[in-house]
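Q: What follows is each chain in one-letter form.
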Amino acid sequence: MSLQRWWERAESLPGRAAGGRLVVHGGEWLQVATDAAAAGAQLLSLWVTPTVDGAGMAHVALLIDGAVLLLEQMVAAGERYRGLQQLFPAAARMQRAAADLCGIRCDAPDQRPWLRHTAWSAVEAPLACPPATRPASGAAIDDYAFVRVAGDGVHEIAVGPVHAGIIEPGHFRFSVVGEKVLRLEQRLGYLHKGVELRFTELEPCDAHRLAARICGDSTVAYSWAYCQAVEAIAGVQVPLRAVWLRGVCLELERIQNHVGDLGALGNDAGFAFGLAQLARLKEELLRATEVAFGQRYLMDVVVPGGVSVDPASAALAALVIEIGRIAVRVRELRRIYDDHSGVRDRFAGAGVVLPELARQLGLTGLAGRASLQAADLRVDAPWAPYHVLGPVVAVRRDGDVAARVAVRFDEVDESCRLVAAFLSDLPDGATSCTVTLPAAGRHGLGLIEGWRGPVLVALQTTAAGRIQRCHVHDPSWQNWPVLEHAIVGNIVPDFPLINKSFNLSYSGHDL
Amino acid sequence: MIKTLRTIAGIGIVSEAPPAQDDTLRVREALQQEVLAVLGRALCIRQVDAGSCNGCELEIHALNNPIYNIEGLGIRFVASPRHADMLLVTGPVSRHMVTALRRTYDATPDPKLVVAVGNCGCDGGIFGAGYATVGGVAEVIPVDVAVPGCPPSPERLLQGILTAIRVPKPGADAT
Ligand code: SF4
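Sequence order for the protein chains is Z and S.
When the first sequence is numbered by the numbering used here, its final residue is 516 and no position is left out of the sequence of numbers.
When the second sequence is numbered by the numbering used here, its final residue is 328 and no position is left out of the sequence of numbers.
Bear in mind the hints are in silico, worked out from the structure with no lab data behind them.
Possibly wrong hints are sitting among the right ones.
Straight-line C-alpha distance at most 16 Å; calculated EDC-like pairs for lysine to aspartate or glutamate [to be verified]:
#1 Z/LYS185 with Z/GLU161
#2 S/LYS156 with Z/ASP344
#3 S/LYS322 with S/GLU182
#4 S/LYS322 with S/ASP176
#5 Z/LYS185 with Z/GLU489
#6 S/LYS322 with S/ASP175
#7 S/LYS156 with Z/ASP343
#8 Z/LYS185 with Z/ASP157
#9 S/LYS156 with Z/GLU337
Covered stretches of chain Z, as calculated for chain S (at least 3 residues, CB under 8 Å) [stated by the list, open to error]:
#10 122-133
#11 220-226
#12 336-347
Under 8 Å between C-beta atoms, here's a sample of chain S residues computed to sit facing chain Z [stated by the list, open to error]:
#13 LYS156
#14 ILE166
#15 SER168
#16 THR177
#17 GLY204
#18 GLY208
#19 LEU211
#20 ILE213
#21 ALA215
#22 ILE220
#23 ALA232
#24 HIS236
#25 ARG248
#26 TYR284
#27 PRO304
#28 SER306
Idealized CB from N, CA, C, for every residue including glycine.
Use the sequences and the hints to build the structure in full.
A: In structure tokens form, the structure reads like this:
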């Protein structure tokens, strides 16, 4: 059935031109989700807000033709809401996480914990009723029910949580025959820091600092998404100059990450030259960023109401020159990668996610674009300044490491162009405005296309204007399960390369 | 190939001189002088992310780039704690990483050094201690040197590492 009737019932979302919030009852929850899935909706996030005495509100955010549909349903104490994993497979882990954090379950068959290991028990729910802080010694290893693969010659390789390189912790359980991977099962949650509870202890106009530290490599995306949510609730218009500078920061973050990862990918393919060159370029970019914004990583630049620094025009001019140089250098290195038969050989055909699988599983962001999922919020649901200046979206169809590398090279080029364009049109005027939150319970949504994909922040304030609930969502939630598919049939030694080509977040996922 | 070689030759050596040690970063008394003299020549570091946001890791990665060129100083990141002389630990230590961090520490042969990295590694940073975190690295294992910053710059990190493996300058007390 058409979605139109649901849109008609939805109330508008503050600060968003398109989209709406729809509170439903009974069977409507599944009906709306089914209609949305049929209309090609993308799952942005699913979460729960505990209310009182074991009851709560289930939320799901869907993106349909550039408009956000925020669907909500009350769940009474002891009741289960309908799981959406059949419609949106990525919902499965989000539902398990919601059960861990809020104590409210859905009717999905997989009821194993996801974010919860040993820090709290199955009968506790940190967001409903924070468990008492315990001494560090109580931590043991929990007994997680991994799926076993049986058969002649099948054995398991367990890796992590502490990995061999300088990377975040997580556990991977490979079932292999010889060198070939039959199955991968991930176990995440090691980095769970209680971020969503911590938000409720902070002042709304100060909590952008926490948002900026959820996932350090996407600090601009998170702090911007958080500020968007606060600004939507406060109903303020951020000065144009600040908006343009935010755009510059977001694109700098995209370039930093892509350049760093492209170097690491060369290294994983045995081409150390690539790492040395691209790591050097990244360092030069970080230094130019520091000259302009006072920080190498732009941790606290995006603040509620604007930006915290107004770079000197000379520093910005130098940044434009540096970006131009980097773009040229990266193009040269791309040619060297393309010409190198060894690198080509390792990249092509490794970790394939075919477009049809990508669509079914909801692969998002840059990894999605490498598998023909041409979605990019900067174009599909543009916010200022992207409504006037958007990127040409890079898309590939092969879905292998080579495709993800190609998308990243394209995006570096495009982001360099955007930085220069934003700076050449930089509006004059103030870089911040005052933000006062109304003393009333309100909802605000922030949605930003970070370098990995869409980052979502859903903020709810109390009647006193404090944080009631702040849900944050990293695109890695959608993409981690797809990595389990991408590795099947590949050899174990290719895992680091394939993993790096996605470079998913652990901290942003574990919260 | 010719393009690769031309690029290498064209760029030349970009490594910069390392920073001096900074004894104010010390939180424990230094190891014996003889041990430090041996370690100081070739140091193996095992990095452990015990709860970081990944920001500190980005700057730790930068130590390996040609500009900071940590390998040029005889310092290497290794894949196993069994090969390590030093643990470089980021945090706030999450409760789910306490056991892994302890086991990594126990697997590291003596004498071992621990450098805690970042505001979070020093005292839990903005995350503090709660139902899911225990705070700084020192809550779980003994720390020799702590490097604040969010994230600390590569220079600052290098300074912390070098401070841990060098004999304190006369007059400098452990804080
Ligand atoms: S110190 Fe800063 S950069 Fe390092 S882990 Fe903590 S929040 Fe992240």
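Q: Please go over all the hints and tell whether each is borne out by the structure.
A: Hint check:
1. Distance check on the hinted pair: Z/LYS185 and Z/GLU161 sit about 11 Å apart at the alpha-carbon level, within 16 Å; holds.
2. For the hint linking S/LYS156 to Z/ASP344, the alpha-carbon distance of about 10 Å falls within 16 Å, and the restraint holds.
3. Between S/LYS322 and S/GLU182 the CA atoms are separated by roughly 12 Å; this keeps the pair inside 16 Å, and the hint holds.
4. Distance restraint check for S/LYS322 and S/ASP176: the Cα-Cα separation of roughly 7 Å lies within the 16 Å cut-off, and the hinted pair is therefore satisfied.
5. Taken as a hint, the Z/LYS185 and Z/GLU489 pair is honoured in the structure, with Cα atoms around 14 Å apart against an allowance of 16 Å.
6. Straight-line distance between C-alpha atoms of S/LYS322 and S/ASP175 comes to about 9 Å, which keeps the hinted pair within the 16 Å bound.
7. Among the hinted pairs, S/LYS156 with Z/ASP343 is consistent with the structure: their alpha-carbon atoms are about 12 Å apart, no more than 16 Å.
8. Restraint check for Z/LYS185 and Z/ASP157: satisfied, since their Cα atoms lie roughly 14 Å apart, inside the 16 Å limit.
9. Note on S/LYS156 and Z/GLU337: the hinted pairing holds, with a Cα-Cα distance of about 9 Å set against a maximum of 16 Å.
10. Note: the region 122-133 of chain Z has 5 residues with beta-carbon separation from chain S under 8 Å; the three-residue rule is met and the coverage holds.
11. Note: the region 220-226 of chain Z has 4 residues with beta-carbon separation from chain S under 8 Å; the three-residue rule is met and the coverage holds.
12. Interface restraint, the region 336-347 of chain Z with chain S: holds (6 residues with C-beta to C-beta distance below 8 Å; minimum three).
13. A cut of 8 Å between beta carbons decides the hint on S/LYS156: the least distance to chain Z is about 5 Å, and the hint holds.
14. Taking 8 Å as the C-beta cut-off, the interface hint given for S/ILE166 is violated, the closest approach to chain Z being about 11 Å.
15. Because the closest C-beta pair between S/SER168 and chain Z is about 10 Å apart, greater than 8 Å, the hint is violated.
16. A distance limit of 8 Å between C-beta atoms decides the matter here; for S/THR177 the minimum to chain Z is near 22 Å, and the interface restraint is violated.
17. Interface hint status for S/GLY204: upheld, as the beta-carbon distance to the closest one in chain Z is roughly 6 Å, under 8 Å.
18. The closest approach between the C-beta of S/GLY208 and any C-beta of chain Z is roughly 3 Å, which is under the 8 Å cut-off, so the hint is satisfied.
19. The interface hint given for S/LEU211 holds, since its Cβ lies 6 Å from the closest Cβ of chain Z, which is under the 8 Å cut-off.
20. Using the Cβ-Cβ criterion of 8 Å, the hint placing S/ILE213 at the interface with chain Z is satisfied: the shortest such distance is roughly 5 Å.
21. Interface restraint check: S/ALA215 against chain Z, minimum CB-CB distance 6 Å, threshold 8 Å, status holds.
22. Because the beta carbon of S/ILE220 sits about 5 Å from the nearest beta carbon in chain Z, less than 8 Å, this interface hint is met.
23. Interface hint at S/ALA232: satisfied, since its Cβ lies 4 Å from the closest Cβ of chain Z, which is below the 8 Å cut-off.
24. Because the smallest distance between the Cβ of S/HIS236 and any Cβ of chain Z comes to about 11 Å, over 8 Å, the interface hint for this residue is violated.
25. The beta carbon of S/ARG248 is positioned within 8 Å of a beta carbon in chain Z (closest approach about 4 Å), and the interface hint is therefore held.
26. Because the beta carbon of S/TYR284 sits about 5 Å from the nearest beta carbon in chain Z, less than 8 Å, this interface hint is met.
27. Because the smallest distance between the Cβ of S/PRO304 and any Cβ of chain Z comes to about 6 Å, under 8 Å, the interface hint for this residue holds.
28. The interface hint given for S/SER306 is met, as the beta carbon of that residue sits about 7 Å from the closest beta carbon of chain Z, less than 8 Å.
The structure does not agree with the numbered hints 14, 15, 16 and 24 stated previously, though it agrees with the rest.
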